[in-house]
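Q: So you can see what is in the structure, the chains are spelled out below.
There are 2 protein chains.
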Amino acid sequence: ALAAPNLASAQPRIRWRMPGSFPKSLDTLYGTQERICRRVGEMTDGAFQILPFGPGEVMPALSVMDGVGSGTVECGYTSAYYYLGKDPALSIATCLPFGMSSRQLWSWLQEGGGRALLADVYRDQGVMAIPAGNTGAQMGGWFRREINTVGDLNGLKFRIAGHGGAVLQKLGVVAQQIPGPDLYPALERGVIDALEWVGPYDDEKLGFQRVARFYYAPGWWEYSPSIDLMIHPAAYEALPNHYKAILEAACTEAWHWMMARYDHLNPQALRRLVAQGTQLRVFSRDILSACYRAAQDLYAEIGSSNARFRRIHAEWDKYRVEEVQWFRLAEDTQANFLGLMAQQQQR
Amino acid sequence: ALAAPNLASAQPRIRWRMPGSFPKSLDTLYGTQERICRRVGEMTDGAFQILPFGPGEVMPALSVMDGVGSGTVECGYTSAYYYLGKDPALSIATCLPFGMSSRQLWSWLQEGGGRALLADVYRDQGVMAIPAGNTGAQMGGWFRREINTVGDLNGLKFRIAGHGGAVLQKLGVVAQQIPGPDLYPALERGVIDALEWVGPYDDEKLGFQRVARFYYAPGWWEYSPSIDLMIHPAAYEALPNHYKAILEAACTEAWHWMMARYDHLNPQALRRLVAQGTQLRVFSRDILSACYRAAQDLYAEIGSSNARFRRIHAEWDKYRVEEVQWFRLAEDTQANFLGLMAQQQQR
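So the protein sequences, as listed, match chains A and B.
Convert by adding 1 to the 1-based position in the first sequence; the result is the number in the numbering used here.
Convert by adding 1 to the 1-based position in the second sequence; the result is the number in the numbering used here.
In this list, chains with the same sequence are indistinguishable; a pair is considered to hold if it fits within one copy or across any two.
With a cut-off of at most 30 Å between alpha-carbon atoms, the simulated DSSO-like pairs for lysine-lysine come out as follows: (1) Lys245 with Lys25; (2) Lys87 with Lys25; (3) Lys319 with Lys206; (4) Lys87 with Lys245; (5) Lys87 with Lys171; (6) Lys25 with Lys158; (7) Lys25 with Lys206; (8) Lys206 with Lys158; (9) Lys158 with Lys87; (10) Lys319 with Lys87.
Simulated from the structure, these hints should not be mistaken for laboratory data.
If we strip away everything but chain A, and leave its shape as in the complex, we get (with noise of 0.2 Å):
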């Protein structure tokens, strides 16, 4: 039944910026920001609004950590791992080669402890940070010739930042940074041979497919690579609690919303890209096992001069190990049935 408005309960307005590290073009990444805020709004009745900005806008791509720590804005939406250059342990946040899947990651964060231990780590930037994103299992790239081989690997000029560049340079791999505007005319005029971006949906858009021909699974770089919205501290606790609850709730439908949507689109997009040409292709057994050992050795190497990412990654490992055990059992028996099935389907 309704009865008088509760005016214990008033709705104070506030209004927050909320750059970005996300193109404008990609409804998927940007698209999930606008949401957070359309639907805070939504939740307190347009009381509480927060404004989207694209990179540029308000401050540059990879600049966003840097201005939520400083207060020039109240939040952001942002990948902690584009900042592992300040701290490694970061990465660990957003995802690190051959790390969980989405689902692993959602659990270990908010039920596993993972949220505790990475907060030191956000602390030491100025930042709080809510997991507002997923994009799920990205694809291993765009490859102008097949790698066969480990020994194919050596040399190849291949596009990849991050932990996933420094495992790759382990293999002789020549690792660049090139930003996602110049990525198309290198590929196109060989500066690099290769290339990763994100999946089917995305990479589609970008035209990949006319300028190389092999498109290589998994992207074990990035299993499932989360998207933060980073706060200012004392903009958070400015806040009232039930506008806490609201914004911890609208990241949730976040994170959510962008696996759904990426779940969506990715299948159709890969059904184009096959009618196109594009082959697919799936990274050796010898090729991932000699990642996964160079991808072991880095994280040794790394935490034998951090002791907190040592003892974080310990962690997140040892929670790992135990979670594919599990689902090993229930969840990819199923899969790996449900996907011999389908294949036979299709036949």
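We have chain A; now place chain B onto it with these hints.
A: Relative to the frame of chain A, chain B by itself:
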């Protein structure tokens, strides 16, 4: 910046009751029901209060949909497939044997048109529904003897309900419906040879490991059953828009909180069960294939006399197959490789 309270958007006081179908002893399922109520309260500063009730407190466990439909209560927490006797299409909303993974189902419901397709089905029962929970992949249950061949299913007295039971009956299983509290003594005394419940965490509480040795995977009849918040349409329409938005957000949180709880708790419980002597088994490819074919026969039979089931099932199945093909490439290749690595680490 904080400003004066906004009287225009003050919070009307509303009080609802939410009976549910899940025993209070299950902190996963009943715990999620409680959580929705708590979160709606937190997001409205206490103005919108929903009181959770266990089975039998307001109405019996399996009368929840009827109670919501008749307007006896404003909402209820239950699963649509409990009511498949009224309409077999209700089980598409929860899960069908050999159905979708939790992420695939979430994508179909939220982005693939699933909720729109099912709205009709719910409307016939006098309710509307918001997806508000998912257990993830369940186990195949507890068996007193090994099931090695399709022939071993013949005559097996198995406690299994719903469409899963109907599929297994085609292979000679004697499907039985026995309420939760009676399961342990029935299995102990050999009244039944096997039973299925949920998964390691919930099953361990009921002690089945003490009366059956073999714990099978996967629970192909409940890959990822979802739980609904069913709502009486007139009660919903009486809500201010921002309360509708908050209710939707609380249900999204609930779905993924339940997932995270199960993903967090099941691996630990599985380890304890194995330490107590439980033997893990996976149904053979032959058994799964025979059951898969029997399931397709069942869907054809139901569809032959029920055009709406046939139409929704066809949409659902087309979506499912496309999802499976995409997941095989990007997600499953990683899951399977990491499963192999985890197995090697364990040795």
